[in-house]
Each structure stands twice: as C-alpha cells, then as structure tokens.
Amino acid sequence: MRHALKALVVGCGAAVSAFGVGTGTTPAQAQGKTITLCWAAWDPANALVELSKDFTAKTGIGMKFEFVPWTNYADRFLNELNSRGSLCDLIIGDSQWIGGAAENGHYVKLNDFFKKEAISMDDYMPATVVGYSEWPKNTPNYWALPAMGDAVGWTYRKDWFARPDVQKDFKAKYGRDLAVPKTLDELRDIAQFFQGRDIDGKKVYGASIYTERGSEGITMGVSNYLYDYGFKYDDPKKPYAMDGFVNSPAAVKGLEAYKDLYKCCTPPGASNSYMSEGLDAFKSGQVALQMNFFAFFPGLYKDPNVGGDKIGFFVNPAGPAAQATQLGGQGISVVSYSKNQGEALQYIKWFSGGDVQKKWWALGGYSCAKSVLNDPGFASSAPFAKEFLQSMGMVVDFWAEPAYAQLLQAEQKRVHDYVVADKGTAQEALDGLVKDWKAIFKEEGKKF
Amino acid sequence: MNELSASSRIAYRAAMVRPGVARRIRGLSDRTLAWLFITPTIVLLLAINIFPLLWTIYLSFTNYRANRPNAPVIWLGADWYQSILTDPDVWAAMQVTAHFVIWTVVIETVIGFGLAFLIDKKFRGHGIWTTIILLPMMLSPAVVGNFWTFLYQPQIGLFNYVVAFFTGRDASSFQMLGDVKLSPWAIVIVDVWMWTPYVMLICLAGLRSIPDYIYEAAEVDRASKWRQFWSITLPMALPFIMLAVLFRGIENFKMFDMVNLLTGGGPGSTTEVASITLKRAAFESWRTGYSSAFAIILFVSVFGLANIYVKALNKVKSR
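Chains as they are written, first to last, in this note's numbering: chain A, 1 to 448; chain B, 449 to 767.
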C-alpha cells in the first residue's frame, strides 16, 4: 500500500512537471523567483506591466504588480512601509516620501549599487534626480532611480479654439486672438470665456482644476499659481524660515487668483476634483481647459472623442513673478524589508538600460533619462513631448521632509477652507499655514 | 420513533451526570473545567480588546510615532490631552459631529417610529413594504457613499433634478456636497435614508410587544385613539425607541466611512467629523501619541454619555 502511494505521488509529480513545461512555464516560475512591484493604478502602470515582460523574458524573474488608486495610494503603501511589510520588493513611491522613507529605513540606499553597476545620476535630468532620488536634497545620497518623470500641465480643446465663431467672439470680447495662454491672466480669460458657453447645443465650462480635499489634490493645483506669483517654501538663505515667503503679499495674490479661477470658471460640483475627475470632465466634453499631470496625456491623446486633432497641450503659464509648475512623478526604490532585494536590484539595473528607457517612453511612460529626453527627435516624438521637456525644466516640489504628510494636510485644510469653503481671507489662510508648518517643524526639532 | 428514543437516551444520560463527574474522569474539578472552557475567550478578549486599550492609554502619554519605531519614546504626561482639549480645530470637529449626531438621531427616530406605527397596522401588502423600506440599511456604507455622490452630482444627479422639478431652480445652480451650508445636511440626508429603517425595525419590535388586551381595555373605557397613543403606545414603546436612539447615537458619533466617501470632510472642514480628524492624525500624519489621546477622549465621551443614557433607559423600563 505504501509503495502504491509513493508511486502515485511520483506519478502526479511527473505529470505536474510535464504539464508545467507543456504550458510554457517561464524560467522564473520554474525557479520560483517572483518579485512584486507596487505603484499607483493609472495609465503608466499598464505601460510598465507591458515593459516588464521583457525583464521576465531576459532574467527569468517573474513580476507581480500591486497597483492602488491614487486616492488610497499614499495611505496604503505608507502603511505597508511603516508596518515593515514585505509585500513590495520594489516600490515606485511618491517624490515627497523620499525623506521619510530614507530616514525611517524603508528604502535601500543605492549609492554602492549604482557605483558597482556603473549607473550614473548624471545620465538623468537633474530635476528628477533631486526630486525623486536624493535625500537630503542636493546631496549625493540616492534612494531611488528616477523612474517616471511628471509635472502638472494643461490640455485644451484645440477643436473649440479653432472654430471661427468662437475665435470671433473671443476677439470681440478680449481684443486678441484666442490662442494657447502664455500667462495665468490669459488662462483665466479663456476659462471665463468658455464658462457656460453653448458649444454644439451643449453647455460647457471653462476649466477643470484640482480642488480635492482628502489627499493632496488642492495643494498640487494651487501650487502652480503660488509658485508663479512668488511663493517660496522658505528663505533660500535660511532654511525653514517661512515668514514673508509662504505668506508674502505675492503669494496671497496667487492664492486669490486660484480661488478666482475656481469660482468663475469651473463646472458645477467641482469642489472635490483631482486627477480622475479632471479626466472625466475633459473626456465628457464639459471643459475647454484641464489641469492635470502629463502622465495622463498619452491616454488623452488616444481618446476617440477628445483626442487626436481635438486636443492640445501647454505648460503651466507664467505668473507675475515666475513660470514654474508642480513636480509629479516618482523614483523606483528597493524596499529594505524585501526578501528579494537581489532580484529587485536586478530589475533596477535592467530598467536603467538605454533601450529599456526608450521603450518605456514609447509605451507611455515618461523616462527621466537624458539619453531619451535629449534625443534630437524627442520633442517631436509625441504632441506633448516638447511641453513635457519644458515643464521638467521649471518644476518645483512640495516639502519632501519626513513630516511631509503633516505639512501636506495642513496646506490641504488651509487652502480648501479658503478656496472652496470661503472661510477667511487668503492672507489668513497663508498666515495660518505658516503657523501650522512652524508647529510641525518645531515638533520635528528644526530650528528656524 | 428511533429519534425519540435516541434523544431520550441523551436526556437520561445528561440527568445521570452528577456534579464532580469531571474530577472522577480526568482528575479535574468542575471549576477547573469551567476555567478551561472560558480561558480561550478571556485570552482573546485580553489580546484584542483590553491590551490594545491599555497600550493606547500608555501611548497617549508619549510622543510615539508608528512610522518612526526607532525614535526615542519620550513621556509627555498629559500634554496631548491639554493640546487636544484646547485646540479650536478639534472643537470645530466636535461641533460638526454633534450637528450630525443630533439631527440624524432626531430625524431617524421621528420618521422611524412613524413608519413602524404605519407598518404595525398590518395593511394589505405590508410585508412587501417592510422589505422595501429595509433595503437601504442592507447596503454597504461604501456603496451608499458612492451611490449618493452620483445622486448629488449637480449636472447629472437625480437629487438635484428632483429638487429642481419641485422648486423650479436650475438643477446645476446648487451643489449639495460642495456648498458650505448644504454639505452638513447632505450627509444627514444620506444617513437618514440609510438608517431610518433600522430605527423603524426596533420601534416595530416595541410596538409588537404591546399586548392587544391593553388596547381592548382602553376601547372598553372608550379611550380615543389619540389617548391610546399617548397613554399606551408611546410609553410602552419608549424603552425600544430609547434603545434605537442609543444605538444610532453611538454609531453616528464614530461615523467615518460614509462621510469620508461623500465629502472627505470638505468643503474645507465643514463636514470633518471627529473620526475623520482622528484618522488623519493617526494614519496620515502618523502622530500616534496624539491620536491615541484623541481616541481616548472620544472613547471616554461616548462611554460616559452612553452610561448616563443607559441609566435613564433603565429608569424608564422600571416604571
């Protein structure tokens, strides 16, 4: 009986093996090597899944993906990291996480690995290296490889702009041609012009902008106005000294201008809009202008209803003091609690390859590699490529301190209270923000 | 017949088991055996209820942050309690919570009791109506939150169209979730829609528990329907109504999911109930010590109020 059982087990094993080989098991699966990559659930993640098939084919290491919608992305993965979970071997974490992740030991420091594998940060766009890889900022301490370049940009309805009747009306009202706005004032005029206008029998609205309260939405939106009006996070000569920089008269004007845009020119019910709500508003033909991250532009360009010739792209227009835009994007890091760090590092090495970076861009990801971005043909490789390059040259990021989440929450509350809930004045909102941020930095032991 | 004899045998054996039998069989006293049976439950209770509570109390006196496990833990005494109780933002959140709790409980109780009173009349098809009325409370709060977000959408939402139909206003001229004045009521409406059936169910149980002979005696005494309602129905159903108020009050004091999905606490902080403030402090800012103190304050508040209320309930019952 025992022999019979043994024979049965051996037989089953052989059958399973044969079946496995017969159905095309990858070498990775045969070896049992599979790594998990964590990121947000959005268009570029799908491109990465496609791209990663090459990695599996080349190395035999299988890839699993854990994608979480943006609204829960920070909650989910910061919880995972803080609880020292080993779900993610690789993580494409938000740029603001880098300080906390480095100081709390969540990410593996990559300096030695980069040196050993001859991966040079000089091969990547400087803004992305500072934004996605370095902590402390502007020091050669690397915790991530720049993976997905991104910034806030704008889309517009090129087909509406081209209509003779619309152009005629615009010129009559504003005394200039309807064209892509170069300044925030021009953008406001255009948004106001389209607000409530009838286009093909349908009422349309001016602009979809970020107003979301719960995570980071309104901060990512208002920053594009604040930076342009002269807002600075702190005194460039005296770190963490915020009085007169965060709440300067120019910054107050910037905040007022953002509220003005929200009040005059957004669709009804846009009090809690972020990326997906913006996409919905634009794709459904509700708005003439849309503020959103470049990461969505390849998908929008392919959209059968509003893509192709109907859509145009432009960088965040200039304000009275500067022309800047909010940095998005992320670097790819190895999680220090991963049991597959060797394989995860192999992935990073593979991902840094020139051909892989080219394919990444071709599939819809935004490479940060100079070899791709400085290619003479890059600017014409996609309708938004030129704007992307320009934006990456003028990005500013939010605080990347370990206490970034608290800092972000304070701004979310203060700005939303003022812009959407009509509480107080812009000056009070920014003064309150300085007070909140000072309290947070004080708790962090910073001196200013 | 066989079944009957089998159960008879079991009953006979059970009757024959005398105290102290365990001792004879395994050398264990009945008391030990009893402890043996309840120990897993007690251990589980200690592990998942009592220990976390004590640990939270300890953390509430420290600067501990769950995202910085290696940082030194400093004893702060009652600093967090002091800063929470003097923080205007916390009091604002408590006000929002109070508005939400009071209005939802009042409206749910009035409508719930009214519905229960009607359903209790056993009209034709009352069973189907009861089932239909109970449907909202069977849904998940997450589903309800998303569902009502669409209903409240100013351009395509049914709610705005219905209001526009009856008032003649433009449907997209007002936004329930984005307006400072309307959003606190928007969350009240959704909670009332979802949980009134629950209150109705409890009130119905109360009404059904009133014996018919009391009404018959009242009829004999020629008491009017109005008099019967005030002297029989309401006093006898009152303990059940109070129970419903207690359940809904506690539940809404810690309301999170539905409000989070509907407004995320916005616009601004207009609908930021205490549990949203707590969640942000605990799992977004990672101020574990601070949020532990806040949680303890909320716990003591609910526990204290519930205890006072239960005493009042017992008085009503004993009348």
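Source of the hints: derived by calculation from the structure; they are not laboratory data. Fair warning: this is a prediction, and the values are worked out from it, not measured in the lab. We put the CB at the ideal spot given by N, CA and C, even for glycine. Treat the hints with care, as some may be off.
When the alpha-carbon atoms are kept at most 20 angstroms apart in a straight line, the in silico PhoX-like pairs for lysine-lysine are as follows [what the hints assert, rightly or not]: (1) A:LYS423 / B:LYS629; (2) B:LYS629 / A:LYS263; (3) B:LYS702 / A:LYS259.
To list a few chain A residues with every Cβ distance to chain B over 10 angstroms, as calculated [unchecked claim]: (4) LYS158; (5) ASP243; (6) ALA270; (7) PRO304; (8) ALA403; (9) HIS416; (10) ASP422.
Here's how the hints hold up against the structure:
no., hint, in the structure
1, A:LYS423 / B:LYS629, "holds (12 angstroms)"
2, B:LYS629 / A:LYS263, "holds (16 angstroms)"
3, B:LYS702 / A:LYS259, "violated (33 angstroms)"
4, LYS158, "holds (24 angstroms)"
5, ASP243, "holds (21 angstroms)"
6, ALA270, "violated (7 angstroms)"
7, PRO304, "holds (21 angstroms)"
8, ALA403, "violated (8 angstroms)"
9, HIS416, "violated (5 angstroms)"
10, ASP422, "violated (6 angstroms)"
Hint violations for this structure: numbers 3, 6, 8, 9, 10, all remaining hints satisfied.
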